[in-house]
Amino acid sequence: MRNAFKVTAVFLIVLTTLSACKKKTDDPDDFTIDTQNLTPCTGGTCLFEYTNYAAMVDQQIALTTGQHRIFFATKSNSFSTTRIYMQAPMQGDKFLITAADILAGKVKHLFSCSSCDYYNLTPIAGTVKGIKVANTNNSAEKWLLDAHIVVAAEKSKIPVDTIHIKQYFTLAVK
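Numbering (our numbering), first residue to last: 89 to 262.
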């Protein structure tokens, strides 16, 4: 009986030690993005582009020279244009924009329509993940982004919609 207790106690101690020593992977850049179910473009024309060494400077999202990579998704139809701008670091082959980054203004939403009755939407939560895609056959550099952006009416924290973008972004032609 005493030996069974010792064996059980030793087993539990070893098991506890092994589970406590297990490496935790809390690296926020430790993610992948599958290439399935890309966002379709319905009801208009879409562009998924980015520019290097840029910055967003005002509410109308004028891009200037800066130290960031700016991704922008544009959807246009006969009466309106919607743009989502996402500011990512220039360094590395991956990035993660968190909800805190979104609240800090690294993601912007711009809707323009000359004859619409609408209200401005502001990103308030979500995530944006990006991975640089390896070049094949001397192809141009591109990035795969997976974004889930929660928007609210301007000056509100009540969510009204979630925007999902999962698409390849190519370098914008100047």
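Just so you know, these hints were derived from the structure itself, not from any lab.
Check before you lean on any hint, since a few could be wrong.
[Claimed, not checked] Using 25 Å as the maximum straight-line C-alpha spacing, the simulated SDA-like pairs for lysine to any residue come out as follows:
(1) K217 / S166
(2) K163 / T152
(3) K220 / S168
(4) K230 / S166
(5) K217 / F167
(6) K182 / A241
(7) K243 / E137
(8) K163 / T139
(9) K194 / T258
(10) K163 / N226
(11) K245 / K220
(12) K254 / S203
(13) K243 / P128
(14) K194 / H156
(15) K220 / I121
(16) K254 / S202
(17) K254 / A143
(18) K163 / N225
(19) K194 / N225
(20) K220 / A188
(21) K245 / T152
(22) K254 / D205
(23) K220 / G131
(24) K230 / F167
(25) K243 / Q179
(26) K182 / L151
(27) K245 / T120
(28) K194 / S244
(29) K230 / C201
[Claimed, not checked] Derived CB-CB ranges, DEER-like:
(30) Q155 / Q124: 28 to 36 Å
(31) S166 / Y141: 31 to 39 Å
(32) N225 / L191: 19 to 27 Å
(33) V248 / S227: 37 to 45 Å
(34) D118 / S166: 40 to 48 Å
(35) F167 / D118: 36 to 44 Å
Glycine included, every Cβ here is placed at the ideal spot set by N, Cα and C.
Verification of the supplied hints:
no.: 1; hint: K217 / S166; result: violated (31 Å)
no.: 2; hint: K163 / T152; result: holds (22 Å)
no.: 3; hint: K220 / S168; result: violated (30 Å)
no.: 4; hint: K230 / S166; result: violated (28 Å)
no.: 5; hint: K217 / F167; result: violated (30 Å)
no.: 6; hint: K182 / A241; result: violated (30 Å)
no.: 7; hint: K243 / E137; result: violated (28 Å)
no.: 8; hint: K163 / T139; result: holds (17 Å)
no.: 9; hint: K194 / T258; result: holds (19 Å)
no.: 10; hint: K163 / N226; result: violated (28 Å)
no.: 11; hint: K245 / K220; result: violated (32 Å)
no.: 12; hint: K254 / S203; result: violated (29 Å)
no.: 13; hint: K243 / P128; result: violated (30 Å)
no.: 14; hint: K194 / H156; result: holds (10 Å)
no.: 15; hint: K220 / I121; result: holds (11 Å)
no.: 16; hint: K254 / S202; result: violated (28 Å)
no.: 17; hint: K254 / A143; result: holds (23 Å)
no.: 18; hint: K163 / N225; result: violated (29 Å)
no.: 19; hint: K194 / N225; result: violated (33 Å)
no.: 20; hint: K220 / A188; result: holds (23 Å)
no.: 21; hint: K245 / T152; result: violated (29 Å)
no.: 22; hint: K254 / D205; result: violated (28 Å)
no.: 23; hint: K220 / G131; result: violated (28 Å)
no.: 24; hint: K230 / F167; result: violated (30 Å)
no.: 25; hint: K243 / Q179; result: violated (33 Å)
no.: 26; hint: K182 / L151; result: holds (22 Å)
no.: 27; hint: K245 / T120; result: violated (30 Å)
no.: 28; hint: K194 / S244; result: holds (18 Å)
no.: 29; hint: K230 / C201; result: violated (30 Å)
no.: 30; hint: Q155 / Q124: 28 to 36 Å; result: holds (33 Å)
no.: 31; hint: S166 / Y141: 31 to 39 Å; result: holds (34 Å)
no.: 32; hint: N225 / L191: 19 to 27 Å; result: violated (41 Å)
no.: 33; hint: V248 / S227: 37 to 45 Å; result: holds (38 Å)
no.: 34; hint: D118 / S166: 40 to 48 Å; result: holds (43 Å)
no.: 35; hint: F167 / D118: 36 to 44 Å; result: holds (43 Å)
The earlier numbered hints that this structure contradicts are 1, 3, 4, 5, 6, 7, 10, 11, 12, 13, 16, 18, 19, 21, 22, 23, 24, 25, 27, 29, 32.
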